[in-house]
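So the protein lines, in turn, are chains L and P.
The first sequence begins at 0 in numbering that gives the first Met the number 0 and counts up one residue at a time.
The second sequence begins at 0 in numbering that gives the first Met the number 0 and counts up one residue at a time.
Hints listed in this document are in silico derivations from the structure and should not be mistaken for laboratory results.
Misleading hints may appear alongside valid ones.
Said to hold, decoys possible - Some chain L residues well away from chain P (every beta-carbon gap over 10 Å; in silico):
no., residue
1, MET0
2, PRO67
3, HIS190
4, GLU218
5, PRO236
6, ASN296
Said to hold, decoys possible - Residues from chain L shown here face chain P by an in silico Cβ test under 8 Å; the list is partial:
no., residue
7, LEU48
8, LEU50
9, LYS52
10, TYR70
11, ARG74
12, ILE78
13, MET80
14, GLU88
15, LEU89
16, TYR97
17, PHE98
18, TYR102
19, ASN170
What the hints assert, rightly or not - What follows is a list of derived Cβ distance ranges for each label pair:
no., chain 1, residue 1, chain 2, residue 2, range
20, L, ASP164, P, ALA372, 32 to 38 Å
21, L, SER134, P, ASP307, 52 to 58 Å
22, L, ASN21, P, PHE25, 52 to 58 Å
23, P, THR296, L, ASN21, 51 to 57 Å
24, L, THR215, P, LYS370, 48 to 54 Å
25, P, THR296, L, VAL161, 52 to 58 Å
26, L, LYS207, P, ILE262, 53 to 59 Å
27, P, ILE237, L, ASP62, 52 to 58 Å
28, P, LEU357, L, ASN6, 39 to 45 Å
29, L, GLY37, P, LYS370, 20 to 26 Å
30, P, PHE241, L, TYR11, 31 to 37 Å
31, L, LYS106, P, ILE262, 29 to 35 Å
32, L, ASN169, P, ASN282, 30 to 36 Å
33, P, ILE262, L, ASP164, 47 to 53 Å
Beta carbons are placed, not taken as given, at the ideal position from N, Cα and C, and that holds for glycine.
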Amino acid sequence: MVINVKNLVKRYGDLIALDHFNLAVQEGEVLGLLGPNGSGKTTAINCILSLLKYDKGTIDIFDQPMSPDAYHLKRDIGIVMQNVAVFDELTVYENIDYFCGLYISDKQTRKKLVAEAIDFVGLNDFKKFYPKKLSGGLLRRLNIACGIAHKPKLIILDEPTVAVDPQSRNNILEGIQKLNQQGATIIYTSHYMEEVEQIASRIAIMDKGKIIAMGTNEELKKMIKSGEHINLELLNPEDLDLAGISALPHIISAELRDHQLVIKSERGKNNLIPILDTLKAEQIAIGKIYSEPPTLNDVFLEITGKELRD
Amino acid sequence: MFLFNYRYRLKCIFKDRQLMFWTFLFPILLAILFNLAFSNLSSTDNFVKVNVAVVQNQELDQNPAFTQAINGADDLFIVEYTTLVDADTLLKDNQIDGYIVFDPDLSLVVNQSGLKQTIIRGFLDDFEQSSATITTIITQNPTALDSGILAGISSRTEYLKAVSASQSNPDPVVNYFYALIAMTCLYGGFLGVKEVVAIQADLSAVGARINLAPTNKLTVFLSSMLAATTVQLLELLILLSFLVGVLGISFGNQLGYIALTCIVGSLTGVTFGACIGSIIKNNEGLKIGVLIGSTMTMSFLAGMMSADIKYIVMTKAPILSYLNPISLITDSFYTLYYYNTHTQFYTDILLLCGFILLFSAITYFVIRRQKYASL
Numbered sequence: 000m001v002i003n004v005k006n007l008v009k010r011y012g013d014l015i016a017l018d019h020f021n022l023a024v025q026e027g028e029v030l031g032l033l034g035p036n037g038s039g040k041t042t043a044i045n046c047i048l049s050l051l052k053y054d055k056g057t058i059d060i061f062d063q064p065m066s067p068d069a070y071h072l073k074r075d076i077g078i079v080m081q082n083v084a085v086f087d088e089l090t091v092y093e094n095i096d097y098f099c100g101l102y103i104s105d106k107q108t109r110k111k112l113v114a115e116a117i118d119f120v121g122l123n124d125f126k127k128f129y130p131k132k133l134s135g136g137l138l139r140r141l142n143i144a145c146g147i148a149h150k151p152k153l154i155i156l157d158e159p160t161v162a163v164d165p166q167s168r169n170n171i172l173e174g175i176q177k178l179n180q181q182g183a184t185i186i187y188t189s190h191y192m193e194e195v196e197q198i199a200s201r202i203a204i205m206d207k208g209k210i211i212a213m214g215t216n217e218e219l220k221k222m223i224k225s226g227e228h229i230n231l232e233l234l235n236p237e238d239l240d241l242a243g244i245s246a247l248p249h250i251i252s253a254e255l256r257d258h259q260l261v262i263k264s265e266r267g268k269n270n271l272i273p274i275l276d277t278l279k280a281e282q283i284a285i286g287k288i289y290s291e292p293p294t295l296n297d298v299f300l301e302i303t304g305k306e307l308r309d
Numbered sequence: 000m001f002l003f004n005y006r007y008r009l010k011c012i013f014k015d016r017q018l019m020f021w022t023f024l025f026p027i028l029l030a031i032l033f034n035l036a037f038s039n040l041s042s043t044d045n046f047v048k049v050n051v052a053v054v055q056n057q058e059l060d061q062n063p064a065f066t067q068a069i070n071g072a073d074d075l076f077i078v079e080y081t082t083l084v085d086a087d088t089l090l091k092d093n094q095i096d097g098y099i100v101f102d103p104d105l106s107l108v109v110n111q112s113g114l115k116q117t118i119i120r121g122f123l124d125d126f127e128q129s130s131a132t133i134t135t136i137i138t139q140n141p142t143a144l145d146s147g148i149l150a151g152i153s154s155r156t157e158y159l160k161a162v163s164a165s166q167s168n169p170d171p172v173v174n175y176f177y178a179l180i181a182m183t184c185l186y187g188g189f190l191g192v193k194e195v196v197a198i199q200a201d202l203s204a205v206g207a208r209i210n211l212a213p214t215n216k217l218t219v220f221l222s223s224m225l226a227a228t229t230v231q232l233l234e235l236l237i238l239l240s241f242l243v244g245v246l247g248i249s250f251g252n253q254l255g256y257i258a259l260t261c262i263v264g265s266l267t268g269v270t271f272g273a274c275i276g277s278i279i280k281n282n283e284g285l286k287i288g289v290l291i292g293s294t295m296t297m298s299f300l301a302g303m304m305s306a307d308i309k310y311i312v313m314t315k316a317p318i319l320s321y322l323n324p325i326s327l328i329t330d331s332f333y334t335l336y337y338y339n340t341h342t343q344f345y346t347d348i349l350l351l352c353g354f355i356l357l358f359s360a361i362t363y364f365v366i367r368r369q370k371y372a373s374l
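Based on the sequences and whatever the hints tell you, model everything.
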């Protein structure tokens, strides 16, 4: 087991930031830790890394207890922090060399690792640039390079794509998948569900300091009643009998938003046919029709009663 | 790790333009300003000879002793012999400080009162007193002249001997520059703040990253502090060279002691900053604000803005001088420059070492923890 956290409790005065938080991460997986801002993701990470004191619980990394002076464990951990953590006075190369040097003392080995890290994040053309001269996306890539240059076995990325443009975000996500393919176990925290869905092999959803659901993307979606979202564009919605639609079998909810009829139905086949039949009987003309599977937001909404996004 | 971190911290410090301005350029700019402002201050204390006119008339011709006496006082007066009309004109034009007329008694004409006029008056009184004494002796006891009494009247015996307590001439200006150097030492606090912020996980993101690395935090911190002290000493060395070589400020010739003062002063500054940086948990701006505020207050009390303040503090509240590192550093330079003994110097250095220990202990107490309550 790469990480094994049991019954972790962290309080800030009266506020419980982590409420008997449990987490087990297997070697080679990408675990997405998903939750709204303030759900306790970063606090959990900081406790796992022995940066933060906690009130109760145990934390094992690589099957050994984690502590601030467990240097043999820290050597195999890489962290990419939410805030960009680089020195403004050092160039891209120097920053990566410095942070890699905190782990690797041999100069030749370090030189090779730094070159690989620069290559990995695609900053070859910016080696002599100072951080202030880099765009937001490039700066995030530098932040990642500083965290992974020493080739750690466990990489923790805490919201690495905050305030990053879509193109850079895709580059970062592809890079994370590459790291995983190279053998690293990854914990990825985010409040962007699309990102987590894209890269995580397993997802843990956090709220109020505890994990409320955990599993693969498909497993999580199966946990909820909602199996499908059906959207129909109605050309004459004023004639619609909404109660009639809602009363159909397998329909969880139906609501009319302007010309859009939005229906949530249970998982199952042929949900659409009775709806179309009903609309036809009511002589309602239909424009576009599309159906989509539930999202992680639906999972979160159904479990907690609130939206995942802020 | 120690040298690796030391090298990178030196780079970081040298490339921090704002930091280099405050700790390096600002003191040099202040020194130039001080030099411009105080360049005439010393010269105002120098004695300037008194311009005096003596009106030529018959009475003067009949008193060659007076002419001899005033000509003999050439270290006091620049004498011009002229007519009464010209003397009046010269006085009106302020080309002389006063003129002397025998008419038949000695009289002094001035258009204002002041030090120079008092000097002329004093000379005349002295001359009249001596003349009266000699006249009395001649009329009442002429035989006394044979025993050489005249020589006794015209010469004075000093019963007091002036011994200088210092090895250099007093110069009020140097204290400003000593206070400036002391302020520069304490400005090393900027470097101390920077190093503490860079290593504390609850103060900076890079600090968190360093705390997560498999390195001994104390080793990293000590090498960072050494880098800060190195830079501070280099800056001080350049400032001292500038003061001595370009501005001509004298520091005496006790180089070893001056170097010791610089090293102890730099350590005081850097550890002071580290202490401020570690105990103030808010943003870096507040730390810098507190650092500048406290340094300027201490500089003020040490006499950097007005030499009188240092004197007032020393006489009214001497404890403040002993609790003020800038005052102690200034005092160290001052005692080296003026005094032949090192008693006060060692007292100052020991007190500064006490401050270094205190600041270091507080800093260590705060940063030694490895886990934080909040980030």
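Going through the hints against the structure:
{"no.": "1", "hint": "MET0", "result": "20 Å, holds"}
{"no.": "2", "hint": "PRO67", "result": "3 Å, violated"}
{"no.": "3", "hint": "HIS190", "result": "18 Å, holds"}
{"no.": "4", "hint": "GLU218", "result": "32 Å, holds"}
{"no.": "5", "hint": "PRO236", "result": "52 Å, holds"}
{"no.": "6", "hint": "ASN296", "result": "28 Å, holds"}
{"no.": "7", "hint": "LEU48", "result": "6 Å, holds"}
{"no.": "8", "hint": "LEU50", "result": "5 Å, holds"}
{"no.": "9", "hint": "LYS52", "result": "5 Å, holds"}
{"no.": "10", "hint": "TYR70", "result": "4 Å, holds"}
{"no.": "11", "hint": "ARG74", "result": "5 Å, holds"}
{"no.": "12", "hint": "ILE78", "result": "5 Å, holds"}
{"no.": "13", "hint": "MET80", "result": "6 Å, holds"}
{"no.": "14", "hint": "GLU88", "result": "4 Å, holds"}
{"no.": "15", "hint": "LEU89", "result": "6 Å, holds"}
{"no.": "16", "hint": "TYR97", "result": "5 Å, holds"}
{"no.": "17", "hint": "PHE98", "result": "6 Å, holds"}
{"no.": "18", "hint": "TYR102", "result": "6 Å, holds"}
{"no.": "19", "hint": "ASN170", "result": "22 Å, violated"}
{"no.": "20", "hint": "L:ASP164 with P:ALA372: 32 to 38 Å", "result": "36 Å, holds"}
{"no.": "21", "hint": "L:SER134 with P:ASP307: 52 to 58 Å", "result": "56 Å, holds"}
{"no.": "22", "hint": "L:ASN21 with P:PHE25: 52 to 58 Å", "result": "55 Å, holds"}
{"no.": "23", "hint": "P:THR296 with L:ASN21: 51 to 57 Å", "result": "54 Å, holds"}
{"no.": "24", "hint": "L:THR215 with P:LYS370: 48 to 54 Å", "result": "34 Å, violated"}
{"no.": "25", "hint": "P:THR296 with L:VAL161: 52 to 58 Å", "result": "42 Å, violated"}
{"no.": "26", "hint": "L:LYS207 with P:ILE262: 53 to 59 Å", "result": "55 Å, holds"}
{"no.": "27", "hint": "P:ILE237 with L:ASP62: 52 to 58 Å", "result": "56 Å, holds"}
{"no.": "28", "hint": "P:LEU357 with L:ASN6: 39 to 45 Å", "result": "43 Å, holds"}
{"no.": "29", "hint": "L:GLY37 with P:LYS370: 20 to 26 Å", "result": "22 Å, holds"}
{"no.": "30", "hint": "P:PHE241 with L:TYR11: 31 to 37 Å", "result": "52 Å, violated"}
{"no.": "31", "hint": "L:LYS106 with P:ILE262: 29 to 35 Å", "result": "32 Å, holds"}
{"no.": "32", "hint": "L:ASN169 with P:ASN282: 30 to 36 Å", "result": "34 Å, holds"}
{"no.": "33", "hint": "P:ILE262 with L:ASP164: 47 to 53 Å", "result": "51 Å, holds"}
Going through the hint list in order, the structure does not satisfy hints 2, 19, 24, 25 and 30.
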